[in-house]
Amino acid sequence: MDMLCPACGSAIAIEDVNVSTGRARCRVCGKSQRYSEVIGISSRTVDVIFPPPGSWFEILPDGFRAGATTRSPIAFFIVPLTCVWTVMSLYGVYGRQIVSRHFDLRVSLLGLSFVFGALVLVAWSALMVAGIETVTRRSDRFSIFIGVGSLGWTRNFAWSDFNLVRQDVLVNAHNWNRQGQILVMEGTRRVSFGEFWNEDQRYFILSAVQKMLGAMNRPQPSTLTPGRFSSSFAASN
Numbered sequence: 001m002d003m004l005c006p007a008c009g010s011a012i013a014i015e016d017v018n019v020s021t022g023r024a025r026c027r028v029c030g031k032s033q034r035y036s037e038v039i040g041i042s043s044r045t046v047d048v049i050f051p052p053p054g055s056w057f058e059i060l061p062d063g064f065r066a067g068a069t070t071r072s073p074i075a076f077f078i079v080p081l082t083c084v085w086t087v088m089s090l091y092g093v094y095g096r097q098i099v100s101r102h103f104d105l106r107v108s109l110l111g112l113s114f115v116f117g118a119l120v121l122v123a124w125s126a127l128m129v130a131g132i133e134t135v136t137r138r139s140d141r142f143s144i145f146i147g148v149g150s151l152g153w154t155r156n157f158a159w160s161d162f163n164l165v166r167q168d169v170l171v172n173a174h175n176w177n178r179q180g181q182i183l184v185m186e187g188t189r190r191v192s193f194g195e196f197w198n199e200d201q202r203y204f205i206l207s208a209v210q211k212m213l214g215a216m217n218r219p220q221p222s223t224l225t226p227g228r229f230s231s232s233f234a235a236s237n
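Under our numbering, the letters of the sequence shown match residues 1 to 237, in that order.
Any given hint could turn out to be false.
Derived CB-CB ranges, DEER-like [to be verified]:
id: 1; residue 1: Leu60; residue 2: Ala130; range: 31 to 39 Å
id: 2; residue 1: Val169; residue 2: Ala130; range: 24 to 32 Å
id: 3; residue 1: Val84; residue 2: Asn156; range: 58 to 66 Å
id: 4; residue 1: Pro73; residue 2: Arg189; range: 28 to 36 Å
Think of the hints as simulated: they come from the structure by calculation, not from any bench. This structure is a prediction, so every number in the text was calculated from the model and none was measured. Each residue gets a CB set at the ideal place from its N, CA and C atoms; glycine is no exception.
All chains, please: the whole structure from these sequences, using the hints.
Given below as structure tokens:
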């Protein structure tokens, strides 16, 4: 079972876990952490200079940016479904009214639910074909973006609100995330991301963010210099 100190990133031995108090002590930095904060943190070695396919990591003058594509083979199923659903629902509700030149308010209002479903499927298809999800830190601003190109959803937080990143289990995992794994940032608040990434991408981002959190909690500066590291298959951000 992986147990790493969220303060310095050092491995915590099982004998340093006090089951009765539910706390674990790091021998390197001397800090005591809750057991829930050290369990599930990855000890897998990942080099941020060599990202897995579809991932990237970039050191910025005032922080970092890391991300990965959300492309998935499920696109071969969801894209045709989206096309069929959109054409059939829009024509069945509104196309027939246009052809017959007869407007039915009740049917048109009921058809809005089909329009909403079509929009959800289009957005989902776009993510499965060409989507990206990124995490960015600039000074004390931490943002999580998911979308296609510059179109998408951005959540903004304070970097100082977090002191731990770990892998967690996604409740009610969907078919595109069979392992049911996500990444979780914790501290004074809790946010999750990475639901659409594969295992290698998730471990890579987890390791990269752990390094950045570790550098923030240690007195010595990070040895990483500004630069971008991406695989040959990574999408441009």
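Are there hints from earlier that the structure breaks, and if so, what are their numbers? 1 and 3
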